[in-house]
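Enquirer: Spelled out, the chains give:
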Amino acid sequence: MTKPDQSVPAGTVVEIGYAGHERLMMNMGPQHPSAHGVFRAILTLEGETVVGVDAVIGYLHRCHEKLGESLTYVQYPTIASKTDYVAAMTSELAYVSAVEKVGRIEVPRRAQYLRVLVAELQRIASHCIWLGTWCMDMGGALGGGATVFLYCMRERELILDLFEALTGARLLYGFHQVGGTRYDLPAGWAAECRKTIDLVAGRIDEYEAMLEGNAFFLVRTQGVGVVSRELAQEVGVSGPLIRGSGIAYDVRRAEPYSSYQDFDFRVPVETAGDCYARYRVRMQEFRESIKIVRQVLDGLPEGPISSRPGVKSVGQVRVPKGEGYARVEGPRGEVGCYLIADGGPKPYRMKWRGASFSNLAILPHVLIGTKVADVVAIMGSVDPVFGEVDR
Amino acid sequence: MARDGAPGFWGEVGQLTVAVGRAMGVTLRNLFRRPVTIMYPDTPRRYPERFRGVLALTYDRETGEENCIGCRLCEYICPPQVIKVEMLKGEKRNYAKRFTLELYSCEFCELCVQVCPTDAIVMLRTFDLATSDRRHLLLDKDRLHALGLQFEHSWATGNRLRDMQAPPRPARGEGKAEGAHQAKEPAE
Amino acid sequence: MTLAPVVRDVVVAFVLLNGVILLVTYVTLLERKFAARMQSRIGPYYVGWPHGWLQPIADALKLMMKEDVVPAASDRWVYNLAPLVFLVPCVLIFATIPFAPGLGVADLNIGVLFFLAVSALEIVGLFMGGWGSNNKYALLSAMRAVNQIISYDLPFVFAALVPVALAGSMQMSAIVAAQQGPLGWFVFYPVVGQLAFVAYVVATLAAENRVPFDILEAESELVAGFRVEYSGMKFALIQLGEYAHMLGTSFLGALLFLGGWLGPGPAWLGPVWFVLKAVLVFLLVTWVRWSFVRIRVDQILAISWKLLLPATVLLLLVTGFVVASGGGRGA
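Each protein sequence line maps, in turn, to chains A, B and C. 45 is the number that our numbering gives to position 45 of the first sequence; each next residue is one higher, with no gaps. 98 is the number that our numbering gives to position 98 of the second sequence; each next residue is one higher, with no gaps. 9 is the number that our numbering gives to position 9 of the third sequence; each next residue is one higher, with no gaps.
Bound-form chain A, shown alone (with noise of 0.2 Å):
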């Protein structure tokens, strides 16, 4: 393998010529099946392997920052779902919790359990969703890669079914108010929580006994895409990224929000810091989300989902004259909210903290010197989703 010419900038397109070093360079375009979303990458290519990179994002950006300011605190939760689209109850969470910490509104303990259980559920349900896409990105839709995204779709749907019997939505949930929750749980629901729960733990071994061990999914992600722990600090990273590297850092741990201190979990953690790593500390993460769901059934208080009376009008909801960050534990890292408000309805500005966004950073120091084939399987072990992206 001939290493690439670092005499010639990588901007820079070269003619084909017979010498060995000449260079191709290709989009990995908006419309590409595994861009992971909108997302485009102008790969700098000699023979198969990448020698430069150029990352072209706000192919999807709807002004959900403008929106936070012409939008009351009680109107926004419901949009508020739409950045990280396949989380949206932590994208919640964030921006409620930042209203919160600023206007000083208590939220009832039942609130805050239930708001950990749609949290844990949703963990799940977006990792079935990226082991899913990661696999069929390296193994081709008409492939193994394809089989493992249908029996994770097929986990997820049991999910999004118990998150449709909560709020009557399936993907956009519109469940988190200031103050607490909007809904609480209806009838029969723990109990068929804990049927999918244990169900879900039975078919995470099924994956588990496909990939593991298998020498085809090893060379692919092992020694791939490694993100040393230097790097791993020095760029911001958050969530798998950053724990896959050796890291210990979890908001969760960090800063307790919502009462997770009452809970016990493990927080994972692997010092490889390839794509296998990172693919074991998700892996771990599916079983202790189902230990958290698991102790907060048990544990439920009763008592009011709300501080606040239901929403009877727009203007509702007025804090007074503040600022400050929230921020919560995604399942792609570290979500965060900041907000200034001026005693009105409306905050005077709101400003998201996207965990992709930040994440997206290392690509152009992982992918340098990788292959073509690398190139997908780091971007589905990253696991952006471009609504919190582009915002």
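Keep in mind that the hints were calculated from the coordinates and are not lab data. Careful, some of the hints might be misleading.
Pairs of lysine-lysine, DSS-like flavour, derived with a Cα cap of 30 Å [as the list claims (entries may be wrong)]: (1) A/82 to A/312; (2) A/66 to B/92; (3) C/33 to C/66; (4) C/306 to A/371; (5) A/312 to B/92; (6) B/97 to A/312; (7) B/84 to A/82; (8) C/136 to A/371.
Listed next, the stretches of chain A that the computed footprint assigns to chain B, with coverage defined by at least 3 CB atoms under 8 Å from CB atoms of chain B [stated by the list, open to error]: (9) 73 to 79; (10) 156 to 166; (11) 206 to 212.
If we take Cβ atoms under 10 Å as the criterion, some of the chain A residues that face chain B in the derived model are [to be verified]: (12) 180; (13) 181; (14) 215; (15) 298; (16) 299; (17) 301; (18) 305; (19) 306.
We treat Cβ as the ideally placed atom computed from N, Cα and C, and that holds for glycine.
Start from chain A and add chains B and C according to the hints.
Expert: Only chains B and C this time, still in chain A's reference frame:
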């Protein structure tokens, strides 16, 4: 393919065979499971109690009058502003002279249902929206009332949603506990 | 009724060609249903209710009616001829396979050699398609394809030569005749037969661009590879050629290892057994295909040159010793 390490060549071949066998075993096992496909629309879909489907206006169950008093609270709270209401003043109570809802832009967030003081607007347990003309999705008052009579209503009405969020009130003399627990729908 | 030999050959070839094409289209339906059941879903259902029996016909009609989009900057002659150059060898291999003793277009005495040589010609068509499309994805795919198929044709040939050595002849009907008797199939031949069968299946997977070796059409990276610029009937021809090749190597595998048309029952049941065995080999390959993720091209080449080729050469040498010491069947 061969990595230098403990197992050695034959050990690796053995591991590979076992792993291949396990993966193919999982697919073989799924070959004999029942498929999870639901043959919609031949099989009707069972919508849950609280399903947030298409919107509709309701009539009062006893008197048969329209519930909507034209207060425009739903219009003010709607995030994408798809509802437009004109009030008609009457002697005893007000009505809605015109009520349009642009279903093609609706977010289905249920905020309008939540604020309605008279439980006039509800969501239905159906979601068949497909039409070939977008103008069919611009629902006016007659269409909304017709939809309300045609399909099952969701459990969630304004008062029930607000009761769910209210703190539990102390029990009254009749012995029935009011508040959050009564507002839940009956056990399935 | 005796016909002139030329007329007889043309009629047989015509019937065989149509039969092969029909079988190939229906084998796509079989693969889709089989894969669907492994994924807890149903597969084609409504077309030709109740189980999608008319789906392949519908697909063929759809492809015929599609607009034929030709890229403006493509190399006209190369681009247009590529599907034909790809298809013809893939269908020609069926000419050498006899479906019963005496029932075949041409039962050559160098049958296996002809089959293997002609089936390798598809690479030319593949490369023409990738080059003539004037598309970077297609070009990458064509480069990978040439690499991969050439590397895997060698182990493929060596694995296919093991039954030839055991039977002592390259004529297909002679190889089947050498597998007569209970447990006479070459797949039951101690050690050598089973290893050769495994090597044959692996080499088939790679020579057919099936997952885990389908790097050249890797949908998630290269978006259909060398076929990306083809639409309509040309795409149909390429698909037909691919599945025909797949089915052809399944037939060869059934003939070399699973005893061809040998089976219980009267002699006219032979072709039926043969087709069933070929479909079994095909389903085996499909089962592997739907269970694994793919591996990278340099790893594929490493497996071929460092593992499979030395293994099959060694296997052939061992078979030679076995035959020389009197273990061979047949003349």
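Enquirer: Compare the structure with each hint and give your call.
Expert: The hints, checked one at a time:
Taking the CA atoms of residue 82 of chain A and residue 312 of chain A, the gap is near 24 Å; set against the 30 Å cutoff, the hint holds. With a C-alpha separation of about 43 Å, the suggested pairing of residue 66 of chain A with residue 92 of chain B is violated against the 30 Å cut-off. Restraint check: the Cα-Cα separation between residue 33 of chain C and residue 66 of chain C comes to about 25 Å, which is no more than 30 Å; the hinted pair holds. Annotation: proposed proximity of residue 306 of chain C to residue 371 of chain A holds, straight-line Cα distance about 21 Å (limit 30 Å).
A distance of roughly 23 Å separates the Cα atoms of residue 312 of chain A and residue 92 of chain B; the hinted pair therefore holds under the 30 Å criterion. Between the alpha carbons of residue 97 of chain B and residue 312 of chain A the distance comes to roughly 22 Å, so the proposed pair stays at or under 30 Å and holds. The straight-line distance between the Cα atoms of residue 84 of chain B and residue 82 of chain A is roughly 25 Å, inside the 30 Å bound, and the hint therefore holds. With a C-alpha separation of about 16 Å, the suggested pairing of residue 136 of chain C with residue 371 of chain A holds against the 30 Å cut-off.
Only when three residues or more bring their CB closer than 8 Å to a CB of chain B does the claim for the stretch 73 to 79 of chain A stand; here the count is 5, and the claim holds. Coverage of the stretch 156 to 166 of chain A by chain B holds [criterion: at least 3 residues with CB-CB distance below 8 Å; count 5]. Residue count for the stretch 206 to 212 of chain A with a Cβ under 8 Å from a Cβ of chain B: 5. That meets the three needed, and the coverage hint holds. Hint status for residue 180 of chain A: holds, given a least beta-carbon distance of 7 Å to chain B, under 10 Å.
Given the 10 Å rule on beta carbons, the hint for residue 181 of chain A holds: about 8 Å separates it from the nearest Cβ of chain B. Residue-level restraint check for residue 215 of chain A holds (minimum Cβ-Cβ distance to chain B is 5 Å; threshold 10 Å). At a threshold of 10 Å, the smallest CB-CB gap from residue 298 of chain A to chain B is about 20 Å, leaving the interface hint violated. About 18 Å separates the beta-carbon of residue 299 of chain A from the nearest beta-carbon of chain B, more than 10 Å, and the hint is not met.
For residue 301 of chain A, the suggested interface contact is broken, since its CB lies about 12 Å from the closest CB of chain B, more than 10 Å. The beta carbon of residue 305 of chain A comes within 6 Å of a beta carbon in chain B, closer than 10 Å, and the hint placing it at the interface holds. The criterion of a C-beta within 10 Å of any C-beta in chain B is met by residue 306 of chain A, whose closest approach is roughly 4 Å, and the hint holds.
When held up to the earlier numbered hints, the structure conflicts with 2, 15, 16, 17 and fits the remainder.
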